[in-house]
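If you want the building blocks of each chain, they are given just below.
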Amino acid sequence: AQKVTQAQTEISVVEKEDVTLDCVYETRDTTYYLFWYKQPPSGELVFLIRRNSFDEQNEISGRYSWNFQKSTSSFNFTITASQVVDSAVYFCALKALSGGSNYKLTFGKGTLLTVNP
Amino acid sequence: EAQVTQNPRYLITVTGKKLTVTCSQNMNHEYMSWYRQDPGLGLRQIYYSMNVEVTDKGDVPEGYKVSRKEKRNFPLILESPSPNQTSLYFCASSLSGTVGYEQYFGPGTRLTVT
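Chains as they are written, first to last, in the working numbering: chain A, 903 to 1019; chain B, 777 to 890.
No lab work stands behind these hints, which were simulated from the structure alone.
Wrong hints could be hidden among the right ones.
[To be verified] Straight-line alpha carbon distances no greater than 30 Å define the calculated DSS-like cross-link-like pairs of lysine-lysine that follow: (1) A:Lys972 <-> A:Lys1011; (2) B:Lys833 <-> A:Lys918; (3) A:Lys905 <-> A:Lys940; (4) B:Lys841 <-> A:Lys1006; (5) A:Lys1006 <-> B:Lys845; (6) A:Lys905 <-> B:Lys833; (7) A:Lys972 <-> B:Lys845; (8) A:Lys940 <-> B:Lys793; (9) B:Lys841 <-> A:Lys940; (10) A:Lys905 <-> B:Lys793; (11) A:Lys905 <-> B:Lys794; (12) A:Lys918 <-> A:Lys1006; (13) A:Lys940 <-> B:Lys833; (14) A:Lys1011 <-> A:Lys905; (15) A:Lys1011 <-> A:Lys918.
[Claimed, not checked] Some chain B residues near chain A, calculated using beta-carbon distances under 8 Å: (16) Gly816; (17) Gly818; (18) Leu871; (19) Thr874; (20) Glu878.
C-beta: ideal position from N, C-alpha, C; glycine also.
With the sequences and hints as input, model every part of the structure.
Have a look at this one:
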């Protein structure tokens, strides 16, 4: 079985603060992918990043960065200099490709980020 | 424009009245899936389809049916809706289910069953 835990249910920050969203995953599979999705107040789900289990290189995209650590089964997401437009629910997700996972994308319960002006 | 479309976007219905939520993608994706989103529970998979005529249950399939007769369409059928199926539903597609491609999501359908 696979599981994704986002322990932070809600986070509130003031604009320009840095904020890190935590994601811890569980899987017995050696081949898997991790994802982050953003759900703004308008409701749609927007893909942010994909990372496979063989690539532990951290990634930076503008103000967004991701830290993947297999040793701690974590895939954390940091927003630098947060802005009001970053306010959204953020989901971490896991897809394992072996061991009978049925090709399922398992989501965490999400973290509601509110960035106040 | 590459997209996943769902219809209707909003629906209020009564218990027991059969309904269908349509989902269509124009990206020639093999894999399609339905999720429901409930407060505090995140997104849970209802059914998925690896390709035409190939469907399988997700985590919460009870009370739902699907079919995949064409590659682009993947309707979700509620034969006898009940109030516990009140939820926000998302359809998604990806290039393949056997590789770690990202899924593209439709805009969502908010269903209320009274």
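Now for the hints, and whether the structure bears them out:
1. A:Lys972 <-> A:Lys1011: holds, 21 Å
2. B:Lys833 <-> A:Lys918: violated, 44 Å
3. A:Lys905 <-> A:Lys940: With Cα atoms ~19 Å apart, A:Lys905 and A:Lys940 stay inside 30 Å; holds.
4. B:Lys841 <-> A:Lys1006: Holds - the C-alpha atoms of A:Lys1006 and B:Lys841 are around 18 Å apart, at most 30 Å.
5. A:Lys1006 <-> B:Lys845: With a Cα-Cα distance of about 21 Å, the restraint between A:Lys1006 and B:Lys845 holds, given a limit of 30 Å.
6. A:Lys905 <-> B:Lys833: Distance of about 18 Å is within 30 Å: holds.
7. A:Lys972 <-> B:Lys845: violated, 40 Å
8. A:Lys940 <-> B:Lys793: violated, 34 Å
9. B:Lys841 <-> A:Lys940: Satisfied, since the Cα-Cα distance of roughly 28 Å is no more than 30 Å.
10. A:Lys905 <-> B:Lys793: This hinted pair is violated, its Cα atoms lying about 35 Å apart.
11. A:Lys905 <-> B:Lys794: The given pair, whose Cα atoms are some 33 Å apart, is violated under the 30 Å limit.
12. A:Lys918 <-> A:Lys1006: It is violated: about 36 Å lies between the C-alpha atoms, which goes past 30 Å.
13. A:Lys940 <-> B:Lys833: Answer holds: A:Lys940 to B:Lys833 is near 25 Å, not above 30 Å.
14. A:Lys1011 <-> A:Lys905: holds, 10 Å
15. A:Lys1011 <-> A:Lys918: holds, 26 Å
16. Gly816: holds, 7 Å
17. Gly818: Because about 4 Å separates B:Gly818 from the closest Cβ in chain A, which is inside the 8 Å limit, the hint holds.
18. Leu871: Violated - the Cβ of B:Leu871 stays beyond 8 Å from chain A, reaching only about 12 Å at its closest.
19. Thr874: holds, 6 Å
20. Glu878: B:Glu878 check passes; min Cβ-Cβ to chain A is 5 Å, inside 8 Å.
Of the numbered hints listed earlier, those contradicted by the structure are 2, 7, 8, 10, 11, 12, 18.
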